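Put together the whole structure using the sequences plus the hints.
Read off the chains here:
Number of protein chains: 2
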Amino acid sequence: MKKTNLYDENDFSDTAFTNYLVHESPYFKILNFNFKPGQELPVHSHEIEGQLSIFVVEGTGEFLGKDEATQPARSGDVLISDISDPHGVRAKTDMRVLVTIAPPI
Amino acid sequence: MKKTNLYDENDFSDTAFTNYLVHESPYFKILNFNFKPGQELPVHSHEIEGQLSIFVVEGTGEFLGKDEATQPARSGDVLISDISDPHGVRAKTDMRVLVTIAPPI
Numbered sequence: 052m053k054k055t056n057l058y059d060e061n062d063f064s065d066t067a068f069t070n071y072l073v074h075e076s077p078y079f080k081i082l083n084f085n086f087k088p089g090q091e092l093p094v095h096s097h098e099i100e101g102q103l104s105i106f107v108v109e110g111t112g113e114f115l116g117k118d119e120a121t122q123p124a125r126s127g128d129v130l131i132s133d134i135s136d137p138h139g140v141r142a143k144t145d146m147r148v149l150v151t152i153a154p155p156i
Numbered sequence: 052m053k054k055t056n057l058y059d060e061n062d063f064s065d066t067a068f069t070n071y072l073v074h075e076s077p078y079f080k081i082l083n084f085n086f087k088p089g090q091e092l093p094v095h096s097h098e099i100e101g102q103l104s105i106f107v108v109e110g111t112g113e114f115l116g117k118d119e120a121t122q123p124a125r126s127g128d129v130l131i132s133d134i135s136d137p138h139g140v141r142a143k144t145d146m147r148v149l150v151t152i153a154p155p156i
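Chains as they are written, first to last, in the working numbering: chain A, 52 to 156; chain B, 52 to 156.
In short, the hints are calculated from the structure, not lab data.
Honestly, I wouldn't trust all of these hints.
The list cannot tell twin chains apart, which means a pair is met if one copy fits it or any two copies do.
[To be verified] As a list, the in silico DSS-like pairs of lysine-lysine whose alpha-carbon atoms are at most 27 Å apart:
#1 117 x 53
#2 87 x 54
#3 143 x 117
#4 53 x 143
#5 80 x 53
#6 80 x 143
#7 54 x 143
#8 54 x 80
#9 80 x 117
#10 143 x 87
#11 54 x 117
#12 117 x 87
Since the structure is predicted, the reported quantities are computational estimates derived from the model, not experimental observations.
Structural data, given as structure tokens:
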């Protein structure tokens, strides 16, 4: 067993969104990203099998998708996406998200 | 892509902890459990390969382990456990957790 805390381990930065690797194993990879308003994880995708979840821990913003599609993102949201589908996140307020990728890439 | 919100979909119950299946696929299974104070997911394990994460969305309590071991659990904590290692959760306050199991069981 291993325990870590997002609030202790990762802060916000005015320069760019911050990226904290919570865990990586053969089974999944878990990352925490913190965004200041306007910061974003640009839309991207990878041509491999698997799915990812994006959980909004706090804050509001938008989930980004294919062809500039957006949908609102708020605390408590879970977005599920194939790794091969374009996906991204943009923040409107300070925003913490937890991303789980299975299998890890 | 699929979006769901924990706060919209799952509440608390005085009778027993509540269990909301957020997502299940060949890659992972995602569950949300809500506990009132004193409610618990008893220690258990399964003899299969894989790992799970328990993210504390809100509230405080304890992570439970082998031989009645406990460690404090609070908002922002991520616990990683092998599926084959005994694990559980007990709440001290109203507590929401998000559990991801890979591969799904």
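Evaluated hints:
no., hint, in the structure
1, 117 x 53, "between (36 Å within a copy, 14 Å between copies)"
2, 87 x 54, "both (26 Å within a copy, 22 Å between copies)"
3, 143 x 117, "within (20 Å within a copy, 43 Å between copies)"
4, 53 x 143, "between (32 Å within a copy, 21 Å between copies)"
5, 80 x 53, "both (14 Å within a copy, 20 Å between copies)"
6, 80 x 143, "within (26 Å within a copy, 29 Å between copies)"
7, 54 x 143, "between (30 Å within a copy, 18 Å between copies)"
8, 54 x 80, "both (15 Å within a copy, 20 Å between copies)"
9, 80 x 117, "both (23 Å within a copy, 25 Å between copies)"
10, 143 x 87, "within (8 Å within a copy, 32 Å between copies)"
11, 54 x 117, "between (35 Å within a copy, 15 Å between copies)"
12, 117 x 87, "within (23 Å within a copy, 40 Å between copies)"
Violated hints for the displayed structure: none, as all numbered hints are satisfied.
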